[in-house]
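**Student:** In case you want the letters, here they are:
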Amino acid sequence: MNSPPTVYLDHAATTPMLPAAVSAMTAHLLDVGNPSSLHASGRQARRIVEESRETIASTLNCRPGEVVFTSGGTEADNLALKGIFWARRAADPARTRILSTSVEHHAVLDPLHWLAEREGAQVELLPVDRQARLDVDALRAAVERDPASMALISVMWANNEVGTLQPVDEVVALAAEHGIPVHTDAVQAVGAVPVDFAASGVDALTLTGHKVGGPYGVGALVVRREVDVTALVHGGGQERDIRSGTIDTPAIAGLAAAVELSVKQQAEHAARISRLRDRLVAGVLDAVPTAVANGDPTRRLPGNAHLTFPGCEGDSLLMLLDARGIECSTGSACSAGVPQASHVLLAMGCSDEEARSSLRFSLGHTSTPGDVDALLEAIGPVVERARAAKRH
Amino acid sequence: MKVLAAMSGGVDSAVAAARAAEAGHDVTGIHLALSRNPQSYRSGARGCCTIEDSNDARRAADVIGIPFYVWDLSDRFHEDVVEDFLDEYAAGRTPNPCLRCNEKIKFAAVLDRALGLGFDAVATGHYAQLRTGADGLIEMHRAVDHGKDQSYVLGVLDQEQLAHSVFPLGDSRKEDVRREAAARGLLVADKPDSHDICFVADGDNAGWLREKLGDRAPNQGGDIVDATTGDVLGRHEGTVGFTIGQRKGLRIGRPAPDGKPRFVLDIEPVSGTVTVGPRERLAIDRITGVRARWCGTVPSEPLHGTVQLRAHGDEHRAVVSVVSTSSTTEGAGSTTEGAGSTTEEAGSTTEEVRIELLDPAYGIAPGQAAVIYDGSRVVGSATIASTARASVAPAGGPR
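Protein chains in written order, with my numbering: chain F, 21 to 412; chain Z, 556 to 954.
Honestly, the hints are just simulated from the structure, not real lab data. The beta-carbon is built from N, C-alpha and C at its ideal position, and this holds for glycine as well. Be aware that a few hints might be false.
[Stated by the list, open to error] List time: in silico DMTMM-like cross-link candidates among lysine to aspartate or glutamate, alpha-carbon distance up to 20 angstroms: (1) F:K410 <-> Z:E907; (2) Z:K557 <-> F:D342; (3) F:K284 <-> F:E144; (4) F:K102 <-> F:E144; (5) F:K410 <-> Z:D748.
[To be verified] Only some residues are given here: those of chain Z computed to face chain F with a beta carbon under 8 angstroms: (6) W626; (7) R668; (8) G671; (9) L672; (10) A676.
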């Protein structure tokens, strides 16, 4: 069977590696030397790691010592939430509250549920508006109810499903009034919108390699030196004594190259793909007048388009597009591939039905006008077909 | 043809999908997520509802080289199969959820969605054979491997459903299917067969029913009565755990006067009375069936054929008559029009089926399905409403 050429519109799930990151990574795959060894080979590996750390630090405007390498975004989120919660509570047992939003990624929500169930944390997930933007007044009210009991606040920089940017600056200003540390999951934001760690005022920030054109399996928690973090993974204490495990030199070199290049090209990249995205959204709404675009219309990720197609199952749409070589996402949480209605859309006030009728198209550095054309050509008939399937 | 292959994660459906693809069809694999909470259904590698099964199905699709998706049918399954199963038990009947699932889920909800999405047929790993008869209708026949034959649980399918079904294993023996799976590099080749009800996690039906039914149970206990003497032999904690024909687990202290084993003859759901007695009192030879479903043409004259009364049960020689009841269903028109739609509500049928067995059958409970055969061909099915013994007093029959 001839398969049609692939139109990849799922860059938010993972984006192809940048050639510069591939070169940086593969350059070290044959090198021997554990960065923790004391001999020349060890020192050479350590030098690659520390240069990578410095590259990331200068790119994101933090100090090199604030970059803690992890196995990716999920580990970085776990380390931030659990590590800061434990340290804050150890310093003052009254600090047991964690405030976050109802639209976080599962890498944040699941550790929070775990902390609530197993560690006695009082977790409150604050509401968002129809565009998935955090209700800062609700956050303020929750903080001010009992500031002394606050352990930390975690608010994502940009939502992975509907693309809405969160008012992280307002969250930081509010938290600063009460000396509460703030963590942000910036996995979708780095390289897509301007991210300046020091200027943002956050205390901890999660990033991951494979969303910025770097390799899988590597990421970092950027965490201010002044913030106490209890270790999650114990061992050799390689990363500032809060993260153990042999340091993955080639992956870190690839990560640094990807962060550096994607941030350097961010403005130009964002301008290009937001134009493509706007054409995609306008074209889909033109082809399917009943479709609805979700998320904040302006304060959003440049590559994200999220649409609801009333009367269609998102699963059916995905399958029909997939059969035509067009790859997107229902933006839903999948445990064992069992689709569930997206918690993000439900939190935005969508019905279960609306939440199950939605698709996310996400553009990235390899996206072309031809990709958008292919989608716009297919979407009308595909929606017709999916509607027919649901009417049965 | 564009074929949607339902893949449970077992060996049969994997080979069925592989054969459909090899036959040149454009095949897409799907796994049906039937449990709202996969962990709550049976664990281990025997069911079709666990994460492990879903992964097995996905890996089989990879090996075959076909696209694969998971379809969430858990709400429909819960409503149409699990709730129906509980309702039937609450009413004191013994349902077969596999037939119900085929009728309402696999060859209705799934088939309808597949047709809507542009597929021509649904393929499954059921052991049954389809062929086109002289009259141009699709006939369903027993599988070549009689030990594995699953035409019984497909006896609820009508002509429209059969016209959009593919059963690639009907001409094969199970051991050959396993051998073929191994040769094709399918890792599920040695996976054990599933036997029990997929949504009862540990296979303890009675315990599961007691827990799920709770206050909906028809009774919370009752007397165990000797059919011959009328003596109360003991008490039980609810009729839900009892089946007509059951011998074990009655926990009657006293042996029968004649020393012969006693069987459950009748279950009275309201009073909770369980009547026990000798095996010969279990014998029935008259069955009244309702909710008839016909694979093709409705028999216009009494049919001299066979009936099967439980999955993998014996064939009984029988004479089957269709009796049009004086139904007052407005605008129902001809009762044979049901073949036009796969989503037709079978309960709306106005036919009653009378079955005369030439030799008695034992341990037949209302709620079970009677599947009617003409030789190897499946004619249709009906749900057993009542049973009787022509010569003696009714057993398990109308009250």
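**Student:** Each of the hints needs a verdict: does it hold here or not?
**Tutor:** Consistency of the hints with the structure:
Simply put, F:K410 and Z:E907 have alpha-carbon atoms about 34 angstroms apart, too far for the 20 angstroms limit, and the pair is violated. Between Z:K557 and F:D342 the alpha-carbon distance is near 15 angstroms, which keeps this suggested pair within the 20 angstroms criterion. At most 20 angstroms may separate the alpha-carbon atoms for a hinted pair to count; F:K284 and F:E144 exceed this at roughly 37 angstroms. At roughly 15 angstroms between alpha-carbon atoms, F:K102 and F:E144 fall within 20 angstroms of each other, so this suggested pair holds.
For a cut-off of 20 angstroms, the pair hint linking F:K410 to Z:D748 is broken: about 33 angstroms separates their Cα positions. Using the Cβ-Cβ criterion of 8 angstroms, the hint placing Z:W626 at the interface with chain F is satisfied: the shortest such distance is roughly 7 angstroms. Look at Z:R668: its Cβ gets to within about 5 angstroms of chain F, closer than 8 angstroms, so that hint holds up. Interface hint at Z:G671: satisfied, since its Cβ lies 3 angstroms from the closest Cβ of chain F, which is below the 8 angstroms cut-off.
With a cut of 8 angstroms, the hint placing Z:L672 at the interface with chain F holds, because the nearest CB-to-CB distance is about 4 angstroms. The beta carbon of Z:A676 is not positioned within 8 angstroms of any beta carbon in chain F (closest approach about 15 angstroms), and the interface hint is therefore violated.
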